Amino acid sequence: MGIIILLSILIILVVLLFIIVTRDESKDSTKNEERLDDTVILILDKLQRGDLEKIEGLFKEILKKDSSKVEFYVILANIIRENGYISEAISIHKSILKRHDVLENKILKGWVLGNLAEDFRKGGMIDRALRTYKDALALLSEKESAPFLSKMDNKQAKEEDHVTPAVIWRKSLLERYMLLCKQVGDYEKLLSLIDIYNSTGGYSDENIYKREVAFVYNQLGEDEVKNENTKKAIEYFKKGLSIYRQLYPAYINLAKIYKDTKKQKAIQFLEQLIEEIPSKGFLILPLYKELAPKKFEQICNELINSNENDWRVRLELGRYYMEEGEKSKGLLEFKKCLEISPMVLIIHQEIWKYLLKHPEEIEIFKEYANTLNKVLVFNNPFICSKCNYKSSEFLWKCPYCHEFDTFVELKI
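Residue numbers (full-length UniProt numbering): 1 to 412.
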């Protein structure tokens, strides 16, 4: 583990420990000091040194004690999980679930189950993760409070719009559950979770909610295309577009469906994409050239007029000119692409193709070389493999993380 990660973990743990120890000012200092026992110190010490192998035993030892600060152990278990110790995190979360104070509190149990579900997801145990997330959500759907955490009086609750720990946990759980549904492709379930998440105020903007729903409908449509159910696929794509007009993959998918049977309709969908989201216009250019080659130059120029630095459009236009035999126009577009994004390999490849076919054109080669001298600047060829610090010279000690012998050549 890198020193930066270890320092970050240590800082997080110290802050958490300070909050937990000092949170309830009504407790006397003796009781607070008892929480900061030798076992906690050992855990912090091992985390600081990156020695995670024996932490599970230490956790089991501390969990035998009747501490009300369950969330502290859950958070520490999560940190262990994020550092690759999945089985240890599962063991700790399962141990927490056996505690009486957890079993008696649905909200707390739901929160711990949600963290256990994330252990399963990170460990590749997808079926167990799905079941555990479902159980956790059912518990956190209960309209209860979490008295062991909630310190807000009525005035505070009113000011903060009744945002209780239960609400925060439920939103966090939904975010991870939705991520898992995306991972496994359960889009029907994902739709219902997005609606629940939106009802909790999870989305800061209505457009974000609409975008999420629309992209799910696009995924459902793509699944139906794979199943050769074109009619249902079209319904899903159009449903997504009715919710969110900037659903650019739906325009492309509809154009692909109609290109062999209703060519003009396919072209209309591609042109609608350009009208609604010109920044994504480069995505439709190969298909548009296939369907409407006579209008291709015009559509490219329209996109370039809206954004003259769109090198992808210029690249496609340059290729088009080359195919049409207009070499000078094609080379001019390639040159402009180089000036915009000199690090993009495919731009160079197009120029190399031309030079290999026309080795006699020395002037073109010279112009290419001169352009590179002007635009291709690369000052950081070395990188630290520990912290990613970049340097223009090879160093044997990193000035940022201070590790020895960590510099390697940066590959493009």
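Careful: at least some of the hints might be erroneous.
[What the hints assert, rightly or not] In silico BS3-like links for lysine-lysine, alpha-carbon gap of 27 Å or less:
id, residue 1, residue 2
1, Lys232, Lys295
2, Lys386, Lys336
3, Lys357, Lys386
4, Lys231, Lys263
5, Lys256, Lys280
6, Lys226, Lys210
7, Lys210, Lys294
8, Lys295, Lys256
9, Lys263, Lys182
10, Lys238, Lys182
11, Lys294, Lys232
12, Lys262, Lys295
13, Lys226, Lys265
14, Lys390, Lys366
15, Lys134, Lys189
16, Lys397, Lys353
[What the hints assert, rightly or not] Beta-carbon label-pair distances, calculated as ranges:
id, residue 1, residue 2, range
17, Pro381, Ile277, 53 to 59 Å
18, Glu360, Asn227, 52 to 58 Å
19, Thr230, Pro293, 24 to 30 Å
20, Glu188, Gly325, 49 to 55 Å
21, Met125, Gly201, 49 to 55 Å
22, Leu395, Lys366, 34 to 40 Å
Everything labelled a hint here was simulated from the structure, so no lab data went into it. In this text, all values refer to a predicted model and were calculated from it rather than measured experimentally. For glycine and all other residues, C-beta sits at the position ideal for the given N, C-alpha and C.
Hint check results:
Between lysine 232 and lysine 295 the CA atoms are separated by roughly 31 Å; this puts the pair beyond 27 Å, and the hint is violated. Only pairs whose Cα atoms come within 27 Å are accepted, and lysine 386 paired with lysine 336 is rejected, the gap being roughly 37 Å. For a cut-off of 27 Å, the pair hint linking lysine 357 to lysine 386 is broken: about 44 Å separates their Cα positions. For the hint pairing lysine 231 with lysine 263, the CA-to-CA distance comes to about 17 Å; that is within 27 Å, so the pair holds.
The suggested pairing of lysine 256 with lysine 280 holds, with an alpha-carbon distance near 16 Å, which does not exceed 27 Å. For the given pair, lysine 226 sits about 25 Å from lysine 210 by alpha-carbon distance, which is consistent with the 27 Å threshold. At most 27 Å may separate the alpha-carbon atoms for a hinted pair to count; lysine 210 and lysine 294 exceed this at roughly 36 Å. Straight-line distance between C-alpha atoms of lysine 295 and lysine 256 comes to about 18 Å, which keeps the hinted pair within the 27 Å bound.
At roughly 33 Å between alpha-carbon atoms, lysine 263 and lysine 182 are farther apart than 27 Å, so this suggested pair is violated. Under the criterion of a C-alpha separation no larger than 27 Å, the hint pairing lysine 238 with lysine 182 is consistent with the structure, at around 21 Å. Our distance criterion of 27 Å between C-alpha atoms is broken by lysine 294 and lysine 232, whose separation comes to about 33 Å. Note on lysine 262 and lysine 295: the hinted pairing holds, with a Cα-Cα distance of about 17 Å set against a maximum of 27 Å.
At most 27 Å may separate the alpha-carbon atoms for a hinted pair to count; lysine 226 and lysine 265 meet this at roughly 21 Å. Note on lysine 390 and lysine 366: the hinted pairing is violated, with a Cα-Cα distance of about 32 Å set against a maximum of 27 Å. A threshold of 27 Å between alpha carbons decides the hint, and for lysine 134 with lysine 189 the separation of about 11 Å falls inside it, so the pair holds. Among the hinted pairs, lysine 397 with lysine 353 is inconsistent with the structure: their alpha-carbon atoms are about 43 Å apart, more than 27 Å.
In this structure the hint that proline 381 and isoleucine 277 lie 53 to 59 Å apart at CB is violated, the actual value being about 37 Å. Judged by the Cβ atoms, the range 52 to 58 Å given for glutamate 360 and asparagine 227 holds: they are separated by roughly 54 Å. Taking 24 to 30 Å as the suggested C-beta distance range, the pair threonine 230 and proline 293 conforms, at roughly 26 Å. Separation of glutamate 188 from glycine 325 is about 52 Å and conforms to the stated range, judged on CB atoms against 49 to 55 Å.
Roughly 31 Å separates the CB atoms of methionine 125 and glycine 201, a value that falls outside the hinted 49 to 55 Å. At roughly 37 Å, the beta carbons of leucine 395 and lysine 366 sit within the given window of 34 to 40 Å.
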